[in-house]
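*Asks:* Sequence:
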Amino acid sequence: MHELVWWWIGLGWKLWGRRYQAQQVSNTAYSIGVVTYINRYHIHFIPLMRQLTALFPDTHIVVAINGYYDQEKQAAYLKEVQAFLAQYTNVIAITYNEGQSLSKLWNQLIIHSPTPKNFIFNDDIKLAPNFRQHLEKSGVLQHDVAIMNASWSHFLTAKATVQQYGWFDERFPGVGYEDHDYEIRMAIAGHAVKDITVKGLKNLAYVTKDFSWEKNPRVIFNKYSGVNGDHYAKKWSIAETAAEGYTKVRIVGGYAKLNEGMETPDFYAD
1 MHELVWWWIG
11 LGWKLWGRRY
21 QAQQVSNTAY
31 SIGVVTYINR
41 YHIHFIPLMR
51 QLTALFPDTH
61 IVVAINGYYD
71 QEKQAAYLKE
81 VQAFLAQYTN
91 VIAITYNEGQ
101 SLSKLWNQLI
111 IHSPTPKNFI
121 FNDDIKLAPN
131 FRQHLEKSGV
141 LQHDVAIMNA
151 SWSHFLTAKA
161 TVQQYGWFDE
171 RFPGVGYEDH
181 DYEIRMAIAG
191 HAVKDITVKG
201 LKNLAYVTKD
211 FSWEKNPRVI
221 FNKYSGVNGD
231 HYAKKWSIAE
241 TAAEGYTKVR
251 IVGGYAKLNE
261 GMETPDFYAD
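The sequence shown begins at 1 in the numbering used here and counts up by one.
Some clues are possibly wrong.
Simulated pairs of lysine-lysine, DSSO-like, Cα-Cα distance not exceeding 27 angstroms [what the hints assert, rightly or not]:
{"id": "1", "residue 1": "257", "residue 2": "79"}
{"id": "2", "residue 1": "126", "residue 2": "223"}
{"id": "3", "residue 1": "104", "residue 2": "215"}
{"id": "4", "residue 1": "104", "residue 2": "159"}
{"id": "5", "residue 1": "79", "residue 2": "159"}
{"id": "6", "residue 1": "257", "residue 2": "234"}
What the hints contain is simulated information worked out from the structure, not anything from laboratory work.
Let the hints inform the model, and build the full structure from the sequences given.
*Replies:* In C-alpha cells, the structure reads:
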C-alpha cells in the first residue's frame with residue numbers, strides 16, 4: 001500500500017511536469033539555483049528537478065554540476081545528467097570536470113542568474129506540491145538575502161547582496177563554513193541574517209560518503225572539508241563572550257573578529 005501511494009504521487013508529479021513543459025519562461029522576479037554532484041544524482045537530484053520544473057515551469061533554473069576526482073565516472077555522469085536536463089527548456093547547466101569549492105558554485109549560480117534575486121537550494125531537499133504558494137507568501141522575497149527554516153541549505157540571495165557584502169569566499173577549497181563566513185561578514189556590516197519560515201520545504205540532510213574533490217579526504221563533523229576548517233580558523237577568531245573588536249553573530253553562537261590580513265578578495269572584479 002505504501003509503495004502504491006508513492007507511485008501515484010510520482011505519477012502526479014510527472015503529469016504535472018508534462019502539462020507545463022512547453023510554457024515559456026516568464027518569471028522575472030527570481031530564478032532558482034541548485035548545486036549537485038555525481039553521488040546524489042539518482043537519489044536526490046532527479047526527484048528534485050522533477051519537482052522544481054513542475055512547480056516553476058515559468059522560472060529560470062540554473063544548475064551547478066560539480067566535478068569528481070574519478071574522471072572516467074565523471075564523463076559518463078555528465079553525459080547522463082545533460083541528457084536528462086535537455087527535456088527542460090527552462091534549465092541551464094554549468095558543468096565541471098574536477099571538483100570545485102561550494103563557494104565557487106554558489107558564486108557561479110549568482111553570476112548566471114538572469115534575475116535580480118536567486119534562490120539557492122541544496123539538492124537533498126524535498127518539496128510539497130504547494131511549496132511555491134508557501135514560498136511566495138512567506139515574505140522572503142522582501143529581502144535581498146535570507147535563509148529559510150534556519151538553514152543555509154536553502155536561501156535567497158541577490159546580485160545586490162554581492163554588491164553589499166561581497167562574494168562567497170572561494171579560498172574555502174571544499175565544503176563547510178562558507179555560510180558561517182558570510183553571516184559573520186553580514187553581522188560585522190551591521191545586518192543580521194533574516195530567517196524566514198517556509199512551509200512545504202524539507203531538508204533531508206544527506207550525509208556524504210564520497211566527496212567530489214578527492215578520494216578519502218580529511219573530513220570534520222562528518223560533512224565538512226578539513227581544509228575548509230583550517231581556512232576558517234585562520235580567517236576568524238571566535239569567542240563565547242563579548243570582547244573588544246568582536247561582533248555578535250547568530251550562526252557561531254558567540255562573537256567573531258576578522259584576523260589581520262584575511263579580508264575577503266573580490267573574486268570577480270570588473
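*Asks:* Need the list of violated hint numbers for this structure, in ascending order.
*Replies:* Hint check: 1, 5 fail, others pass.
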